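Asker: Place chain L on chain Y using the hints.
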Amino acid sequence: MAKDQSFEPLFNRWASRVRRRLALRHMLTGAALGAILALVPAGIAWKMRHGTLRPYAALTVVGGLIAGATVAYRRRWNDETVALYLDGELASDEAIATAVELDAPSDDTDPAMRAVVLQSATSALGRASRKQARPTWLRPVHLLLPLGLAGVGYITRAPLPPAPIVATDPGTTKIQLAQVDGLEKVIKLAQLDPRDEAQRERLEKIARDAEKLKEDLNKGLEKREAQDRIAKLKEQIAAERLTLGDGEQRAGLESAVSKLEENDQTKQAAKALGDHDLESMDADMEKLANSREKQDRDLAKKSMQDAADAAKKNGAPDVAKALEDEKKAMEKREKRAQGLRDLADAMKQEGIKNDGVQSQSEALDRKGTDDAAKKLSDAMGKAMDKLTPEEKKRLADRLRDEAKKGGGQSNPEDLKDLADQLSTPEGQKKLDDELKDMAKDDDEPKESKRQKGLDDAQGGADGTEKDIGKQKGQQGEGDQQGEGQQGQQGQQGQQGQQGQGQQGQGQGQQGQQGQGQGQGQQGQGQGQGQGLGLGSQGNQQGAGSSGNAQNGQSGGPGGHDVGTGNHAGATNTVDADTLKARAHGHINKAQGMPGSITTTAQGRAGGTANVRGSGDLKVVGPSEVDGVERSDVPQEYREQVRQYFQP
Amino acid sequence: MSQSHDAVLSQAAGAVASLRDAIGHVIIGQSAVVDQVMWGLVSGGHILLEGAPGLGKTLLVRTLSQCLDLKFSRIQFTPDLMPSDVVGTNVLVMDPTQRAAGSMFAVQKGPIFGQIVLADEINRATPKTQSALLEAMAEHAVTIAGTRHVLEEPFFVLATENPIEMEGTYPLPEAQLDRFLLKVIVPQPSEDELCDVLTRTTGREQSAPPRVMSRESVLQLRALCRDVAIAEPVVRYAARLTRASDPSAKDAPEVVKKGVRYGAAVRGAQSLVLAAKAVALCEGRPNVSFNDVQKVAKPALRHRIIRSFEGEADGVTTDQVIDALLAAVPTRPPQVSAEQKAQA
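Chains as they are written, first to last, in my numbering: chain Y, 1 to 647; chain L, 1 to 344.
Chain Y with its partners taken away, still in its complex shape:
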């Protein structure tokens, strides 16, 4: 049974045409559904702030196309279905479907009738135009394709939503400080001239720790960790301050302090030495020396020498050396001040007027401090530059006359040397250099420098601690940074800042309240404090009463216990060596309490229980009267301790 040569190719053309259009429609449908589905991942990417992923959501269109092609292949119409479709469209009374069936080799229809059927079908197909039988490839659902793509485009271009506000654990906020001036002072400890090798290592370690902390703060660090590390630094610096006269030298230090206390005029210096504050002691002694005449100065030097001898005798060579250095420095400054006064007097007598020299000279006479002497040196140096050679010659002559007469405050040899210097250009230059050196001369003893350096470091650490406390959290990171800024600011604003009131003056809070859009509102601080007089209170009839203040009023100190009540319940004496109050961020995960960190400290050398001190817990004696009151223990701690010991 031969196949009809004209029907089959004609039908195949029609069939492929129909199938192509159906496949195109399926693919378009798949793409349209893919475009609509693309809105979901695009929306999710937008919601989750993955801005760069949004355009890739359109890949679902390609997926839809592939799925559509797959569906088109799987639902591909067979010849019979295509023939039925063509019969329906061409109104050929199923001639094509019959012909397709008869075209099969297995068909046993009468060949003549088969030929007629094929001819009829061929005729029907031949008459038909393409428009008559072509499935529509465009459907209403295909409108979803441009709509979906437009939606994806819109979501892609839409600004990302603000970053969600994520509550962080207190203290875990990251802080970042670009400029940490306070730590610079701590780092400079490594440059100090150390007392011995051990101190060098300790100072270098402190400096290294500070350097590391600075680097970490530059990179960003958790707030509580930063606070913990700065507290440790402060602790190390404070401990370093107390190494003078520590341990075996403790007895010598106390002897030196006692020696100074023997003289009423050097008691203040004794206290300064007891506080390891050599700078203050030096200033007190200089002040004492300047306030008295030469005999007093000699007395001061003698007292200092006695103190040094006592320290040396009692096994505190470091203390003794420090005191001797102080004495030498005092002598040096004395000599310098005398020379400057003589030079200023000579200028005055020669009628060489210079306002700077005049005023500084008067200030030196009035204050008699080393600082005033330095300023006079500076003014003198500048005045020397302006003097003519003739004026300098006159000045030299005047000084020689004074030397011959034995006038002036300096000894004659010194005056003569000064005159010689002014006579020659080389001497004038040398004098000029000496004056400049004098102006910036650092004649402080080494131990004073060390103590001063430690003071500076302590101050720097304090400042850094405050900076950390004030520091707010970092802004959002990564690609969220720009858009998350406002929300983060709002969050930080809500955290606010807490200040600390002074004792008896209430505790203030100054909050910065932020709102969702990052427009912080400066809150008004409200004082709400409670002063606490810490007087001893009798168990039954104590006459002392604890002061209590509201709204910033200071509570008065409590009176001494003079009652007759039962004292059996009194607590034991608190041993300062074992009293420890430490705030560690690792222990307390919550936000750090406002106020400074309290560390351990030894009792002040030479201090007694009946001495009214002026230091805080770091240096105050264990039973010093009102020591606790003057310490910078936060109000919360005070209240807690008070309630704990309350019967």
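Simulated from the structure, these hints should not be mistaken for laboratory data.
Treat each hint with caution, since some may be false.
Partial list, derived from the structure: chain Y residues whose beta carbon lies under 7 Å from chain L [said to hold, decoys possible]:
no. : residue
1   : TYR85
2   : THR109
3   : SER120
Which residues of chain Y face chain L? A partial, calculated answer using Cβ under 10 Å [unchecked claim]:
no. : residue
4   : ASP93
5   : THR172
6   : THR173
7   : GLN176
8   : GLN179
9   : GLU197
10  : ALA198
Derived Cβ-Cβ restraints for the label pairs, each shown as a range [to be verified]:
no. : chain 1 : residue 1 : chain 2 : residue 2 : range
11  : Y       : THR70     : L       : LYS257    : 33 to 41 Å
12  : L       : PRO127    : Y       : GLN132    : 39 to 47 Å
13  : L       : LEU59     : Y       : LYS131    : 44 to 52 Å
14  : Y       : ARG127    : L       : ALA342    : 17 to 25 Å
15  : Y       : ARG130    : L       : ARG204    : 53 to 61 Å
16  : L       : ALA342    : Y       : ILE44     : 42 to 50 Å
17  : Y       : GLN132    : L       : ARG215    : 43 to 51 Å
18  : L       : LYS257    : Y       : GLN132    : 22 to 30 Å
19  : Y       : THR52     : L       : PRO334    : 52 to 60 Å
20  : Y       : ARG127    : L       : PRO334    : 22 to 30 Å
21  : Y       : ILE66     : L       : ALA223    : 53 to 61 Å
22  : L       : ALA223    : Y       : ASN78     : 52 to 60 Å
23  : L       : HIS25     : Y       : GLN132    : 34 to 42 Å
This structure is a prediction, so every number in the text was calculated from the model and none was measured.
C-beta atoms are modelled at their ideal positions from N, C-alpha and C, and glycine is treated no differently.
Answerer: Relative to the frame of chain Y, chain L by itself:
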């Protein structure tokens, strides 16, 4: 060869058209009835005509016999009609060659031995007589006194019945109804048709219609009808229609499930396809279409669907059931139907 077949098809369609025109000279209107009679004639099936008295059923059959060069006989069924009155009997006759003792039995053939048999008011005869006719219809042969007599082809029975005078009638049982290929309902004529009938039949008596088709032509048409091609989807459609008429079928429409007791069976499906082929042939087409099946669905199935008590109580007619079937059973696969619907 295809050219000759094409020509044969054209000739067949032309012959049927000529016959229809010839009948149309006598029968005014009733074109649907005439077409259905043509389908029965071409396909070789028998036809049951049902209609009220006076609608021209008998005239139609008589006119058909006049147009065809075939032997026509008419049987008026009455309750006292005997089977032998239909098929014939042996009678004792004198042998002319043996005068004295010369009597012998001879077959007296009944009216069933015609080629176009009009069984008028078939439901008025007793079932016994009816079954004598139905046997001849099924087997195209009768047995008289033990001797089987094959009926002369073409053998075409057209029975009529009156649906309104049911008193004293014997409705045909379902098994016997199934023997008829088509059941044609003869409707009332329209006003125009009635006027035309009145004009023609109340005037001068008209001449008999011409004979337009010979016996050989009829046989050729019947042979050609069997050769008409039918595609598998069309066959499946006929099968689905038939199956859907069965209330126990899964995809039967609701009206079938409620109003039908028994649906059409295999013979109904055969009638459907055969009549559809006849339709195609009458229209000069070499293949059967869905439309052909739908055209013959009512005449081919209406007497094969037995309504249930609920259906009868609800007044559901078999034609309504068939309408529901045609509406419920799709011709083409769903995807093609959906495509055509979308384009429409």
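Asker: Take the hints in turn and mark each one as holding or not.
Answerer: Taking the hints in turn, this is what the structure says about them:
no. : hint                            : in the structure
1   : TYR85                           : 5 Å, holds
2   : THR109                          : 5 Å, holds
3   : SER120                          : 6 Å, holds
4   : ASP93                           : 4 Å, holds
5   : THR172                          : 63 Å, violated
6   : THR173                          : 63 Å, violated
7   : GLN176                          : 66 Å, violated
8   : GLN179                          : 74 Å, violated
9   : GLU197                          : 98 Å, violated
10  : ALA198                          : 96 Å, violated
11  : Y/THR70 x L/LYS257: 33 to 41 Å  : 40 Å, holds
12  : L/PRO127 x Y/GLN132: 39 to 47 Å : 56 Å, violated
13  : L/LEU59 x Y/LYS131: 44 to 52 Å  : 50 Å, holds
14  : Y/ARG127 x L/ALA342: 17 to 25 Å : 24 Å, holds
15  : Y/ARG130 x L/ARG204: 53 to 61 Å : 60 Å, holds
16  : L/ALA342 x Y/ILE44: 42 to 50 Å  : 34 Å, violated
17  : Y/GLN132 x L/ARG215: 43 to 51 Å : 44 Å, holds
18  : L/LYS257 x Y/GLN132: 22 to 30 Å : 40 Å, violated
19  : Y/THR52 x L/PRO334: 52 to 60 Å  : 45 Å, violated
20  : Y/ARG127 x L/PRO334: 22 to 30 Å : 28 Å, holds
21  : Y/ILE66 x L/ALA223: 53 to 61 Å  : 56 Å, holds
22  : L/ALA223 x Y/ASN78: 52 to 60 Å  : 33 Å, violated
23  : L/HIS25 x Y/GLN132: 34 to 42 Å  : 40 Å, holds
Taken one by one, the earlier hints fail for this structure at numbers 5, 6, 7, 8, 9, 10, 12, 16, 18, 19, 22, listed in ascending order.
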